[in-house]
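K.L.:
Here the protein sequences come in this chain order: A and B.
Residue numbering for the first sequence follows my numbering, starting at 7 and increasing by one per position.
Residue numbering for the second sequence follows my numbering, starting at 3 and increasing by one per position.
Hint data in this document are derived by calculation from the structure and do not stem from the laboratory.
The reader is advised that the hints may include incorrect statements.
As the list claims (entries may be wrong) - Using 25 Å as the maximum straight-line C-alpha spacing, the simulated SDA-like pairs for lysine to any residue come out as follows:
| id | chain 1 | residue 1 | chain 2 | residue 2 |
| --- | --- | --- | --- | --- |
| 1 | A | Lys-15 | B | Ser-67 |
| 2 | A | Lys-20 | A | Gly-57 |
| 3 | B | Lys-5 | A | Lys-15 |
| 4 | A | Lys-15 | A | Glu-65 |
| 5 | B | Lys-116 | B | Ile-13 |
| 6 | B | Lys-72 | B | Val-87 |
| 7 | B | Lys-5 | A | Met-47 |
| 8 | B | Lys-116 | B | Gln-101 |
| 9 | B | Lys-72 | B | Gly-45 |
| 10 | B | Lys-40 | A | Ser-75 |
| 11 | A | Lys-15 | B | Val-48 |
| 12 | B | Lys-5 | A | Arg-104 |
| 13 | B | Lys-40 | A | Val-102 |
| 14 | B | Lys-5 | A | Phe-16 |
| 15 | A | Lys-15 | B | Ala-9 |
| 16 | A | Lys-15 | B | Gly-45 |
| 17 | B | Lys-5 | B | Lys-18 |
| 18 | B | Lys-72 | B | Ala-9 |
| 19 | B | Lys-40 | B | Ser-67 |
| 20 | B | Lys-5 | B | Lys-40 |
| 21 | A | Lys-15 | A | Thr-76 |
| 22 | B | Lys-18 | B | Lys-72 |
| 23 | B | Lys-40 | A | His-35 |
| 24 | B | Lys-5 | A | Gln-63 |
| 25 | B | Lys-40 | A | Ala-58 |
| 26 | B | Lys-5 | A | Thr-21 |
| 27 | B | Lys-5 | A | Gln-17 |
| 28 | B | Lys-40 | A | Lys-20 |
| 29 | B | Lys-40 | A | Thr-76 |
| 30 | B | Lys-40 | A | Ser-86 |
| 31 | B | Lys-116 | B | Gln-59 |
| 32 | A | Lys-15 | B | Glu-112 |
| 33 | B | Lys-5 | A | Gln-28 |
| 34 | B | Lys-5 | A | Ser-86 |
| 35 | B | Lys-72 | A | Glu-108 |
| 36 | A | Lys-15 | A | Glu-108 |
| 37 | B | Lys-40 | A | Asp-32 |
| 38 | A | Lys-20 | A | Ser-86 |
| 39 | B | Lys-40 | A | Gly-106 |
What you are looking at is a predicted structure, and each value in this text was computed from that prediction instead of being measured.
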Amino acid sequence: NAGVTQTPKFQVLKTGQSMTLQCAQDMNHEYMSWYRQDPGMGLRLIHYSVGAGITDQGEVPNGYNVSRSTTEDFPLRLLSAAPSQTSVYFCASSYVWRGGTEAFFGQGTRLTVV
Amino acid sequence: AQKVTQAQTEISVVEKEDVTLDCVYETRDTTYYLFWYKQPPSGELVFLIRRNSFDEQNEISGRYSWNFQKSTSSFNFTITASQVVDSAVYFCALYCHNQGGKLIFGQGTELSVKP
Chain A
7 NAGVTQTPKF
17 QVLKTGQSMT
27 LQCAQDMNHE
37 YMSWYRQDPG
47 MGLRLIHYSV
57 GAGITDQGEV
67 PNGYNVSRST
77 TEDFPLRLLS
87 AAPSQTSVYF
97 CASSYVWRGG
107 TEAFFGQGTR
117 LTVV
Chain B
3 AQKVTQAQTE
13 ISVVEKEDVT
23 LDCVYETRDT
33 TYYLFWYKQP
43 PSGELVFLIR
53 RNSFDEQNEI
63 SGRYSWNFQK
73 STSSFNFTIT
83 ASQVVDSAVY
93 FCALYCHNQG
103 GKLIFGQGTE
113 LSVKP
């Protein structure tokens with residue numbers, strides 16, 4: 007059981023380049039999220055999805071796009087990378103029951119924009 | 003609005019000392035869950051505990067214990083007899099009812115345990 011798989015693990019981009027961070031889960035969870043981690047700021051929500059075809063913005067969505075065409079996949083797209091997007095990115099897959107939640111995180115992607 | 007505050011940015015202790023990591027949360031919801039995660043130097047997030055808002059019993063798991071107090075909106079984490087392997091960044095997080103699986107994280111506390 008792979009859980010949540012994020013690729014790549016490391017990436018260096020030049021300013022203005024675009025790329026897609028991949029996230030896949032094999033637990034049939036409805037909920038998936040993307041967070042970014044910056045020093046002193048914890049993890050902040052970028053975008054999230056409550057099911058295939060449904061996405062919404064989190065706290066820091068600017069500069070990122072997402073789509074959820076299948077339950078399994080939730081890619082995060084950087085349209086035109088900026089140095090401010092240098093961060094560690096985590097994808098999470100969650101299931102929810104009667105008001106509670108259990109989140110499973112990918113291994114993270116360390117992105118550097120130069 | 004929901005918010006989680008971990009006021010301690012960095013803590014440094016010597017091995018075998020006890021250490022408490024503070025977590026204060028804000029929410030108007032009556033149904034919510036609180037979490038602690040550990041992030042070791044390898045970078046992954048490791049789930050430690052989940053507590054719901056209706057259960058204020060303290061919990062102990064080996065050297066780890068958690069003190070949940072709704073009166074002060076706090077969910078503090080104590081490590082007894084700390085070890086070098088406890089060195090990590092620790093995050094407190096909040097989930098409010100029907101929030102689509104979204105977690106709200108505190109800023110994190112970096113714990114350094116020196117031999």
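K.L.:
What are the numbers of the hints the structure violates, in ascending order?
P.N.:
Checked against the structure, the hints that fail are numbers 1, 2, 3, 6, 8, 9, 10, 14, 15, 17, 22, 25, 26, 27, 28, 29, 30, 31, 33 and 34, while the rest are satisfied.
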